[in-house]
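Could you put the whole structure together from the sequences, leaning on the hints where they help?
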Amino acid sequence: MNKLKLIWILASLTALSVLSLNAQSQSDMRLNELLVTNTSDFQDDFGQHSAWFELFNVSYGTVNIGGCYLSNDRNNLTKYIIPKGDVLTQIPPRQHILFWADEQPFRGTFHVNFTLADSDTLFFVASDGRTIIDMIHVPKDLEENKSFGRSTDGFGEWEYRQYTSPSTNNSGVDQESKSSIMKRTDPHGLIMTLVAMIVVFSALIILFFLFKITGNIAIRSLQKKSDESSAETGSTKTDVAEASAETYAAIGVALHLFKEENEAHDEESFMLTLQHTDRTYSPWSSKIYTLRQTPTVKKNLR
Amino acid sequence: METIFNNLSEFWKFTGFANGDWSYLVMIAIGLIFIYLAIKKDWEPMLLIPIGFGIVMGNIPLFPGLSVGVYEEGSVLNILYYGVQKGFYPPLIFLGIGAMTDFSSLISNPKLLLIGAAAQFGIFGAYVLAMHLGFTPAEAGAIGIIGGADGPTAIFLSSKLAPDLMGAIAVSAYSYMALVPVIQPPIMKLLTTKKERLIRMKPPRPVSPTEKKLFPIIGFLLTAFIVPSGIPLLGMLFFGNLLKESGVTRRLAETARGPLVDIVTILIGLTVGCSTQADKFLQPKSIFIFVIGAFSFVVATFAGVLFVKFFNLFLKPGNKINPLIGNAGVSAVPDAARVSNNVGLSYDKTNYLLMHAMGPNVAGVIGSAVAAGILLGFLS
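In the order they appear, the protein sequences are chains Y and Z. Going by this note's numbering, the final residue of the first sequence carries number 326, and the count climbs one at a time with no gaps. Going by this note's numbering, the final residue of the second sequence carries number 1362, and the count climbs one at a time with no gaps.
Taking lysine to aspartate or glutamate pairs in the DMTMM-like style, the calculated list, with each CA pair at most 20 Å apart, reads:
(1) Z:1262 / Z:1003
(2) Y:103 / Y:142
(3) Z:1184 / Y:266
(4) Y:164 / Y:65
(5) Z:1302 / Y:266
(6) Z:1184 / Y:263
To be clear, the hints were calculated from the coordinates, so they are not data collected in a lab.
And the structure:
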């Protein structure tokens, strides 16, 4: 009964974690930039200048936003469902996706059924239709062809932006690679060497102290047991810390040999003990051992 | 008749003879030397045979577009090579190493951990040299890891930091690991006095099963918190060891240290060998990599032995460490420990250093995985 309960609890926890994982990955999406009045900015696939907004995947894993909702109405959070099953709704790590707020959803997955000009707030809602993952108040004073976006993709403060950056980094400049930073700051590699060796030594020194402590605890516990045993038998006390593994190996071999010697006895006890086992399979219950060999016909040619 | 000749001449264009040049023959010769060394000299046969045959396989000149080469997307070899490119073979090998390694000598004498740390100077000595020779920091880091004397770590790191140099780095790392019995003894003898070589170390104390079970858990938690980028290697190493020491997962431990590690060794060896295609491998950079690799092994051995001598200054007479085990800090398990033992026995036939040398040897594995994590964190 206890086991059954445990299995139920574990199964429930697993189910919950799976559900929360799904929500968690969708929650890695952020509203990132928006443009309300588009007269000469980015064009959609139909050659139209429409309002647009951008989502950004802040995680390092692919996020499927199919089934999530977009809305401009707090009382109707499920206003536009992002279609499921479209391969383009799988947003790669650290990538953007652009939606057109042109009120023409029949034009494709990324055209929503509302406009930003009529919106006070833009909501990105999880697939449960209730959890608001991200929201932003649409500024009414946004100039024509100017965007409002985060200073850094996914996390920065919202600001009026000098340049629009649909489907690309808001920071505008590609980050310098760690390797080139290192080349600039440590051209001879000496600082790196020093830092890395300090870290390696620190890690192993801490490990050394930890195992010194656990070793001492283990020795103390063994010593206590050994002392108790000595007191019981009246034998001389042994210093466990000084005893070597080789001594134990020698004692083990001696005991083994002694046992082997004693096992070569001449007198038998004549006692047979039958022990029940839980094993369902046994050669005794196997069919193949109970069947006779298939008879073969041998013709006498003589 | 003309059609037959045309077809034959067309077929000729597909053959290796029509597409090859001397560079492919050089690489095939290198592969055959590897196979010879493995079979005749018994040098790391488990690695040199797959790598050697892989070099031969990878250097059959191909007509491009046949989808058979290791670099051609979708080919069988390319699919097998995926584990090297994405770096998931090395952690699987670490799982096996963890499941076959007995850390008792290290647990019984934890100060040996520090020798494993000192030997990592080889990695960073090579890093500095590579930087001076004009490699980028990412490339220098990947080349430097050769000094860790740990093939899987070298492949893991180079696949992340410098995929183009991975073939040369892996072949260099495995070659020098096979040459440990040749490279290390002269340095060990040069740096030690006869009196030091005769030092007898205290026999290791017995280690309780609880300590053995705690080791992988504490070891992982600590190292992973300090260097999270080393989790793939450190996690698998300690996980494998927990499978071994827990006492309740015998079958899993046996699979990890047996069939699994064998399968991955075959795949990693063969595909790394295949990746050394002449046009990618035979270039001046590869020669530099081999020179830096040799240098890193020498520095690591120097650092390990000298560190023990320095450490001995602070130890009581009965607790002194034989500096001949300093070389074992370079990992290369268990060859480096075997070298310590053999050199020790050549001076005192009853002074067995193997168990003592296994301490720094396995500490070297941990140390090089930590170092790889640091390089990955700083440079990727």
